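2 protein chains.
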Amino acid sequence: MRQVSIIGIGQTEVGEHWDVSLRDLGARAVTAALHDAGIEQADALYVGNMLSGTLGSQEQLATLIADWAGLRGIEAIKAEAACASGAAALRLGIMAVASGAHDLVVVCGVEKMTDLDGSEASAALMTAADAEYEAIHGVPFVSLNAMLMRRYMHEYGVPHEAFAGFPLTAHANGARNPHAMFQKAIDHETFLQARMIADPVNLFDSAPICDGAAAVVLCPAERAREFAGQPVRVAASAVATDAVALHDRQDPLFLSALNLSAGRAYQQAGIGPEQVSFFELHDAFSIIAALSLEACGFAPRGKGTEMAVRGEIGLHGRLPISTMGGLKARGHPVGATGMYQVVEAVLQLRGLAGANQVPNARWGMTQNIGGVGGTAITHIFEKQKD
Amino acid sequence: MRQVSIIGIGQTEVGEHWDVSLRDLGARAVTAALHDAGIEQADALYVGNMLSGTLGSQEQLATLIADWAGLRGIEAIKAEAACASGAAALRLGIMAVASGAHDLVVVCGVEKMTDLDGSEASAALMTAADAEYEAIHGVPFVSLNAMLMRRYMHEYGVPHEAFAGFPLTAHANGARNPHAMFQKAIDHETFLQARMIADPVNLFDSAPICDGAAAVVLCPAERAREFAGQPVRVAASAVATDAVALHDRQDPLFLSALNLSAGRAYQQAGIGPEQVSFFELHDAFSIIAALSLEACGFAPRGKGTEMAVRGEIGLHGRLPISTMGGLKARGHPVGATGMYQVVEAVLQLRGLAGANQVPNARWGMTQNIGGVGGTAITHIFEKQKD
Chain P
1 MRQVSIIGIG QTEVGEHWDV SLRDLGARAV TAALHDAGIE QADALYVGNM
51 LSGTLGSQEQ LATLIADWAG LRGIEAIKAE AACASGAAAL RLGIMAVASG
101 AHDLVVVCGV EKMTDLDGSE ASAALMTAAD AEYEAIHGVP FVSLNAMLMR
151 RYMHEYGVPH EAFAGFPLTA HANGARNPHA MFQKAIDHET FLQARMIADP
201 VNLFDSAPIC DGAAAVVLCP AERAREFAGQ PVRVAASAVA TDAVALHDRQ
251 DPLFLSALNL SAGRAYQQAG IGPEQVSFFE LHDAFSIIAA LSLEACGFAP
301 RGKGTEMAVR GEIGLHGRLP ISTMGGLKAR GHPVGATGMY QVVEAVLQLR
351 GLAGANQVPN ARWGMTQNIG GVGGTAITHI FEKQKD
Chain V
387 MRQVSIIGIG QTEVGEHWDV SLRDLGARAV TAALHDAGIE QADALYVGNM
437 LSGTLGSQEQ LATLIADWAG LRGIEAIKAE AACASGAAAL RLGIMAVASG
487 AHDLVVVCGV EKMTDLDGSE ASAALMTAAD AEYEAIHGVP FVSLNAMLMR
537 RYMHEYGVPH EAFAGFPLTA HANGARNPHA MFQKAIDHET FLQARMIADP
587 VNLFDSAPIC DGAAAVVLCP AERAREFAGQ PVRVAASAVA TDAVALHDRQ
637 DPLFLSALNL SAGRAYQQAG IGPEQVSFFE LHDAFSIIAA LSLEACGFAP
687 RGKGTEMAVR GEIGLHGRLP ISTMGGLKAR GHPVGATGMY QVVEAVLQLR
737 GLAGANQVPN ARWGMTQNIG GVGGTAITHI FEKQKD
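Same order as they appear, the protein sequences are chains P and V. First residue of the first sequence? That's 1 in the working numbering, and the numbers climb one at a time after it. First residue of the second sequence? That's 387 in the working numbering, and the numbers climb one at a time after it.
No lab work stands behind these hints: they were computed from the structure. Mixed in with the good hints there might be a few duds.
[Said to hold, decoys possible] Output of the computed footprint for chain V on chain P, the stretches with three or more beta carbons under 8 Å from beta carbons of chain V:
hint	stretch
1	95-102
2	131-142
3	214-224
4	253-266
5	280-288
[Stated by the list, open to error] Cβ pair distances, simulated, as ranges:
hint	chain 1	residue 1	chain 2	residue 2	range
6	P	V20	V	Q653	37 to 43 Å
7	P	R223	V	K570	42 to 48 Å
8	P	G302	V	G486	34 to 40 Å
9	V	D637	P	E120	45 to 51 Å
10	V	A741	P	V20	54 to 60 Å
11	P	D199	V	A614	34 to 40 Å
12	P	R223	V	D637	32 to 38 Å
13	P	K385	V	H523	51 to 57 Å
If you're wondering where the values come from, they're calculated on a predicted model, not measured in any experiment. Ideal Cβ positions, reconstructed from N, Cα and C, are used throughout, including at glycine.
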């Protein structure tokens, strides 16, 4: 298997892009990534996207974005794994280069969720859950997470306040990220007084509906020095799955797909959780941040929130997370999120994360989740040495 | 790059499966393919599907089918490339094995289109076209093909009757395929008197809306002899794209993505069109069958229909096409079609195509198309010798 490196990155601001079409949003990120790598052409494009069919009446999206980015004719395929679609597309790009099928591959995550009203976006997001056993009962996606959070609080005796550290950290970091949707820090009081969305999930426990696109360019590691960008090596790429419906799982409070995926990634990279310099986790909900830390070996079960309470997840803590704002503050354009995580990890490993730079960042880990942990995709990156 | 072989195949009947859910339909094909290979587990599942989000309110489909097929935990990703989603999933599976990421991979194409009424299916199919420049004008997908057919007839002076050979051949072959939706041959008179759908496209010029699933198991070629199924080698796998909207193309009557994709495939396989034993082409419309033969080097431009008139596309002709009924008679469950083509090619190369066996079949070619030629994915297969 050929080693794979990232040689270019690009991203649009996350927000409400009412004046930009879905294809243009994707093409902007693709073009920016190509420019960063110092190239104009690529052999293939893999696009991560969840909702273009339901919210945009557009499929065959990868072909369309390839054309709009000036790449007509190249291989193009869209990957879907609900909110993990972005990382799923990266996985495909990595296999394309690793197999020798292609040398120069662009991967783009793109989503446009704000053109219709919120109830339509909410209904579309529910396609990430089990249509026949969960969605059919009328439960929206946020409520699945609310049930999980309530169960966690009950089972471990953890108060809602204990989760505050996750949104506080995310918004503190987002405040210094010019691409973030929310560039404003919040304080403890603001969290406590926030409007309830689905008890016990409040406004700051959940990520916003938004638009955005992020992209990277991949090539074989041995060719990475030919290009402009400071190369970052892909040390691990691992996908794992679980039952989609919460009730089908043996233990809903242990997200086994996250555990499996992270375990496979650690093995590929030859490191353990203690060596990870920072972790771009999938904090779509505060409860998922806590469960991610537990499933990936950073905290014992039921103790995920304590890492936040002890200040270990800040930029100078033991394990910085959501370093550019995470899903809550940078924003969560679902199919694009996995690629934002990767672009941010590359910025950290290049030492170009500005005010949000994690000191001595060596191993960066990203984890993108589909549904309430139905699919988990973990990548580990390292600054390329040779 | 590791060589890749197909060691198992599975398919459901094509038809209206109102008593079977989408996930079960997919799981049946996956289970059948695993059984054919003589195994119970796999490392990854790639699912080709176009419409589960719009018609089934279900995304994260690959994860769901993996679970339903007893494969919970494994890597699972869905591929989308409109009606070429099935072959797109195969492309991913091939790269996964070729790269060394996985040894045993299942690829499944699945679609369920008949649970809602036809107008909803028709609207969903239109997401294969350009939403902002074609669909917005209210044109359905069949009309795009009608415009193309009318232009072809005008430009080359070809009468509608000249296309009869395509549906006649497809239905003659479908009549002997127990998995086909329509198992009844039609005669010339029936074609001529058929109801008009979108002038000049009549009922037999277009493929039906239906449900179905087909799957294969892949492994490295050097391991293929360990398993039960008679192995077939993947000699070529190539994806190419074009502008999605017809008006954006330089010459609408030359499907350049098909030409590019076939050209790349011939190069990989080291053969030319004259060596292809049979061709499972994407005959969703009679006009596309003619244009496919021309774009892939089997007929000069404007002469595609003559191959049918001269009887060259029958089972004993120079280039048998649609050997098990094609999209018209076997049926066209869109995201599954590409995988039906592959399962049928494997049956031919194994010599197990029954009454539809192509004599001395050595090189089998399949081509799956997204939109009106926006995406084209060509595979070439050969019976494994060693």
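Hints, one by one, checked against the model:
With a threshold of 8 Å between beta carbons, the proposed coverage of the stretch 95-102 of chain P by chain V holds, since 6 of its residues qualify and at least three are required. For the stretch 131-142 of chain P, the stated coverage by chain V is satisfied: 3 residues place a CB nearer than 8 Å to a CB of that chain, which reaches the threshold of 3. Chain V is given as covering the stretch 214-224 of chain P, and this is violated because 0 residues of the stretch bring a CB closer than 8 Å to a CB of that chain, at least three being needed. Counting residues of the stretch 253-266 of chain P whose beta carbon lies closer than 8 Å to any beta carbon of chain V gives 3, which meets the minimum of three for the stated coverage.
Under a criterion of three residues with beta carbons nearer than 8 Å to beta carbons of chain V, the stated coverage of the stretch 280-288 of chain P fails, only 0 such residues being counted. Between V20/P and Q653/V the beta carbons are some 38 Å apart, a value that agrees with the proposed interval 37 to 43 Å. Restraint check, R223/P to K570/V: a C-beta distance of roughly 56 Å breaks the suggested window 42 to 48 Å. The beta-carbon spacing between G302/P and G486/V, approximately 38 Å, falls within the hinted interval of 34 to 40 Å.
Separated by about 39 Å at the C-beta atoms, D637/V and E120/P break the suggested range of 45 to 51 Å. Distance hint for A741/V and V20/P: a CB-CB separation of about 55 Å, consistent with the stated range 54 to 60 Å. Restraint check, D199/P to A614/V: a C-beta distance of roughly 54 Å breaks the suggested window 34 to 40 Å. Checked against the hint of 32 to 38 Å, the pair R223/P and D637/V passes, with Cβ atoms roughly 36 Å apart.
For K385/P and H523/V, the hinted distance range of 51 to 57 Å is satisfied, since their beta carbons lie about 55 Å from each other.
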